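Please model the entire structure based on the sequences and the hints provided.
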Amino acid sequence: MSKERPRLADHALVRRHLRDGDEIAVIHDARTGALCSLPPRLLDLVLLADGTRDLEGVALAASRAGLYTRLSEIQSTLDELDELGLMDEGVEPGPLPIAGAGRAESAGVPLEHLPGYTFACSGRGACCRQYASVALTAADLVRAGRAGLATLPGDDDARRVVLPLYGGVRTERVAMTLVDGRCLQLTSGGRCGLEVRGGADAKPTACRTYPAALLDVGDAVRVSVSCECDCVFESLGRPGAALVDARVAADLPEGVAIPALPETVALSPALQLDRVAGASWSRAIVAAVAPERVLEASVRLASSLDGGGGGEWPEVADAATEERDVLFGELTKLATRMEAAALSAESWRGSNDHTRIARRSIATVAREIAADRARFDAVLEDELRARDEAFTVRAIVFGHAFAAGEDVATGLRTLAARLLVARGVGVAAPQLGHPIAVVMAAMRGVGG
Amino acid sequence: MEPREIALSLTLDRDGVDDAIAAAGLRLCGVLDRGAQIVALRPDRAAKATFVAGAAGRFERLFVEGPDADGLAAVLAAHVGAGA
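Keeping their order, the protein sequence lines are chains C and H.
Read in order, the letters of the first sequence are residues 1 to 448 in my numbering.
Read in order, the letters of the second sequence are residues 449 to 532 in my numbering.
Because the hints were derived from the structure by calculation, they are not lab data.
In this text the structure is predicted, and so the values were computed from the model without any measurement.
Please note that the accuracy of each hint is not assured.
[Said to hold, decoys possible] Computed spacing ranges between beta-carbons, pair by pair: (1) C:GLY66 - H:ARG509: 25 to 33 Å; (2) H:ALA504 - C:GLY57: 23 to 31 Å; (3) C:SER37 - H:PRO491: 29 to 37 Å; (4) C:ALA404 - H:ARG509: 52 to 60 Å; (5) C:SER72 - H:ARG493: 22 to 30 Å; (6) H:ALA526 - C:GLY66: 21 to 29 Å; (7) H:PRO491 - C:ALA120: 52 to 60 Å; (8) H:ARG509 - C:ASN352: 51 to 59 Å; (9) C:GLY21 - H:ARG493: 37 to 45 Å; (10) C:THR32 - H:GLY478: 36 to 44 Å.
Each residue gets a CB set at the ideal place from its N, CA and C atoms; glycine is no exception.
In structure tokens:
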């Protein structure tokens, strides 16, 4: 090990899982998506390497904790993690800045809600079992502790409930232990155990504001929605409430991340707008999206953006060949990425883990559609969920919720492919839930 | 009480020291002189062992001390094949 006083790097995201009854720790490399796993005892050793201790110091700390056997065990474990690029040296300079997050520049900035949308949570806990991280702030953890934390079997001191959200040291933000992919605090009835025991205030901030997706566009904080939960779609056309109970940015709960729209908005490599024009563009598109041929229209709009045009949502009377071909190409890429994601999930997630099940279903459907052009054409004609698809496009565009570094045109093509696969998932695996929600959630972080 | 040296029939590498510590029910408590001295104590503090490395980096000398040094010496002698 080349590092004299090692610690887990900021891009090493450690998560504790109970998987089919066995406890493991999984370390995700946030830079590459690669992951490795450790038994709990070795994780405990690794966490003692906090950047202040040399190897012998880690050994002494392990001895104090009753974990020590051999120096060589510590060395080989740290060496392996170092070879994977997961270790850093010395003490971190402070809390990791959250990229793009922060309070709106002016506390009085008004909220701009996704037009025409109100939300009602179904309370079935679908969102509590599909994310790789359930994040809590330090204040969230204090409130949760007062309400009473569910713990793993044998964890009487509640030492295995959370881990640092990133790296191995800082605890301003922590990640909840997951049980077969579900938040440890989720009850068997699908309710948040913290809310059951301690009321709404006991829920972590991010959970309370979910599925709201906030974006500071300068003159407003937009409130869009993450289309990753069944109840987001079940709320369409039904009475509900505003996603967040706030009029201006200052009213938003403390600790809520509010990313900012970049000063330059890349609609395509050929078309960049400043923030004001970019926000105006998305506002106009959201108002114009129609629930017909949504997939083809998204692809056509993307092509127009690539050519430097694209001020308007296009009307598509029928499935033009060019859009079909582009969509087929995107589907093929998606199928490849999803197969890799499914294999990755199967390498460590439990058999009952919803993410594992969903990713395999999606990968299978994507592969089958991509292998059969006639089936692809048939799926493209299936407009059963056109309303939901149009809503998804509106929500994504309104919140500029494309992948980091991805221009809008690329994002629209990617989204169209996902919506296409969702049509297939809706037929092949309806038991997973609303197919668009299933696909969008399962593909978070996958790309494509 | 002065530490008492236990003669080792073989030199030990670090793994050997760690294994001896575990076998004797000791806790690693100190690493001195850039790792050339390893200090381990019984949890009840009644005995202490100090392993000392030679120039070649292998641990050649073992000292025991404390109220129950005799007991510790016997256990260590049995594990490392030493003459107490």
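Evaluated hints:
1. C:GLY66 - H:ARG509: 25 to 33 Å: holds, 28 Å
2. H:ALA504 - C:GLY57: 23 to 31 Å: Check passed, 24 Å falls within 23 to 31 Å.
3. C:SER37 - H:PRO491: 29 to 37 Å: Because 32 Å falls inside the window, the suggested range holds.
4. C:ALA404 - H:ARG509: 52 to 60 Å: holds, 59 Å
5. C:SER72 - H:ARG493: 22 to 30 Å: At roughly 27 Å between Cβ atoms, ARG493 of chain H and SER72 of chain C fall inside 22 to 30 Å, so the hint holds.
6. H:ALA526 - C:GLY66: 21 to 29 Å: holds, 24 Å
7. H:PRO491 - C:ALA120: 52 to 60 Å: With a Cβ separation near 58 Å, PRO491 of chain H and ALA120 of chain C satisfy 52 to 60 Å, so the hint holds.
8. H:ARG509 - C:ASN352: 51 to 59 Å: For ARG509 of chain H and ASN352 of chain C the Cβ distance comes to about 57 Å; the hint holds.
9. C:GLY21 - H:ARG493: 37 to 45 Å: holds, 40 Å
10. C:THR32 - H:GLY478: 36 to 44 Å: With Cβ atoms ~40 Å apart, the hint holds.
When each numbered hint is compared with the structure, no violation occurs for any of them.
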